[in-house]
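So the sequence lines, in the order shown, correspond to chains A and B.
Per my numbering, the very first residue in the first sequence carries number 16; after that it's consecutive.
Per my numbering, the very first residue in the second sequence carries number 24; after that it's consecutive.
The set of hints was computed from the structure by calculation and includes no laboratory data.
Check the hints yourself; a few may be wrong.
Cut-off 27 Å, straight-line C-alpha distance, at most; resulting in silico cross-link-like pairs (DSS-like, lysine-lysine) [what the hints assert, rightly or not]:
(1) LYS94(A) with LYS70(B)
(2) LYS94(A) with LYS153(A)
(3) LYS153(A) with LYS85(A)
(4) LYS70(B) with LYS50(B)
(5) LYS309(B) with LYS94(A)
(6) LYS153(A) with LYS50(B)
(7) LYS303(B) with LYS70(B)
(8) LYS70(B) with LYS241(B)
(9) LYS153(A) with LYS90(A)
Listed below are the residues making up each chain.
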Amino acid sequence: MNSIATLLALSCLFLLGSSRLMLAINMIAFQGFLIGILPLVSGHGFSFEVIILAATGIIMKSIALPQMLKKALEKSGTKREVEPYISFGASILSGIILLFISGWIASRLTQDETIVSSSLIAGFFLLFTGLFTIITRKKALTQALGFLVLENGVYTAGLSLGSEFSFMVELGILLDVFVGIFLMGIMLFHIDKEFDHIDTDRFDALSDLELLNGNILNLDQDTDEEEGAE
Amino acid sequence: MNASSIIFIFVSLLAGPILPGLINKTKALFGGRQGPRVLQLYYDIFKLARKTPTYSETASALTRIAPVVIALSSITALTLVPSFFNDSVIHFTGDIILMAYLLGLGRFFMVTAALDRGSAFEGMGASREVLYSALAEPSFFAGLLIMIYETNSLELSEIFSKLSLNFWQENPAILFLILCSWFVILLVENARIPIDDPNTHLELTMIHEVMILDYSAKDLALIEYASALKLWIYSALIVGMLINGEIITNMALQIAIFTLGMAIVAFVIGTIESITARIKLVFIPKFIVGSGALAIIALILKVAGN
């Protein structure tokens, strides 16, 4: 349990520090696997429901969703996140601060003995990392990844709170996420087809005024080819 | 202070220069070469020790003092590090801080002496050395803090003897994280690939080598010896952290396991040097900070997770 929490935190750090989208997706798959086996080791026993939840979790989060995202990545032709609002080095430092905050929150919450605090910390950290990724990254694909991390965080925190966990609700959420990412994948594809890039930062330049001013030229230059930070 | 630890300190002082030899042998093995002898560094040191040093005209007394201070600080630091699963020769509360900063003192003299000679390249190397070691320091202490927190002790010998298997079994990932970050520190502090290449003599990329360019003969011998001891200290820390020698009661077995552990560390360093290229100079700080982040994550999860 502790090790899983540590590995989850580690995968978040990789997500924050890497510009390669493929690595980020692989990290998400790894995270999905860890999240999947979490119900098995969190002391709920090996009932039928727990096993179903773990199996669906692993299949969806570490196989189905990463495959879909990889397909979207291939179609968009992007390889790396270029110039996020907060650089990768600073992101790692922010990640450490976020981990501090999660640790603080978890230590405030864990008056009850039934709460497993290390995975609660990991849960909060995943949640914050997800939000951080959504806010600071420009590519729509990375933002979708952030959303997935966020959801993983909610799931982990929920599991570690130790209360009677409701199997149906968790499965329902899983389905929601699946559909959400599915839609995002389709939208990514369409955005990419329309604008030749999935950089959300450049959407606000898209107005008739800009077109008249001839700023459309800026849109045509594909900056994806630029060498970004490693 | 007991008799065996005094014997072991002498053994460590004598055996120090074997480690770089082992690393070079491993590299030769990977390259399919015969490679220099394992004891090559001893030959080098003896050869250098017989010669008379020459000094640059701009060099002040600092350049002459520095090698002695560097060597002495490494030797003193070695007396504070437990080797062969024995208590260190000198141990007291807080000796760990003294050990870290004795090595820091050696580095300070190395850097100021490099600046003293007024060479532009040496100044560049000095600036890099200071930057990287400043970045590596927090992760070293973060790793230490975890062990201090676990064993509730500030004494290096006590920390290592108290670290039990239970601690690591409870959360093996923490062990892994500390190991990774400390190994990176070992590479940084001892100027190994992928941070620095001990064999390179290209002015623009040297770090450690550039600072000792002007040293010759006896002084160079002292510095080479001090570097070998430094490698020994960091390897001993890693081996001591990984293996709890207190479980092993047989002294012969303790010696055998420790020696094997050191050899494995040297082999791993050699392997890393053989299979990786140097990191681009501008990415080194990120690499070091990243490894420090691992230690800090482990620290937070350890402290907040209990």
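Now for the hints, and whether the structure bears them out:
Pair hint LYS94(A) plus LYS70(B) does not hold up; C-alpha atoms about 54 Å apart against a cutoff of 27 Å. Distance hint between LYS94(A) and LYS153(A) is fulfilled; the C-alpha atoms sit about 13 Å from each other, no more than 27 Å. Note on LYS153(A) and LYS85(A): the hinted pairing holds, with a Cα-Cα distance of about 18 Å set against a maximum of 27 Å. A threshold of 27 Å between alpha carbons decides the hint, and for LYS70(B) with LYS50(B) the separation of about 24 Å falls inside it, so the pair holds.
Restraint check for LYS309(B) and LYS94(A): the C-alpha separation of about 21 Å stays at or below 27 Å, so the hint holds. Proposed proximity of LYS153(A) and LYS50(B) is contradicted: the alpha carbons are some 43 Å apart, above 27 Å. Of the pairs offered as hints, the one joining LYS303(B) and LYS70(B) is violated, with about 35 Å between alpha carbons and a cut-off of 27 Å exceeded. At most 27 Å may separate the alpha-carbon atoms for a hinted pair to count; LYS70(B) and LYS241(B) meet this at roughly 9 Å.
Taking the CA atoms of LYS153(A) and LYS90(A), the gap is near 18 Å; set against the 27 Å cutoff, the hint holds.
Hints 1, 6 and 7, counting from the list given before, are not met by this structure.
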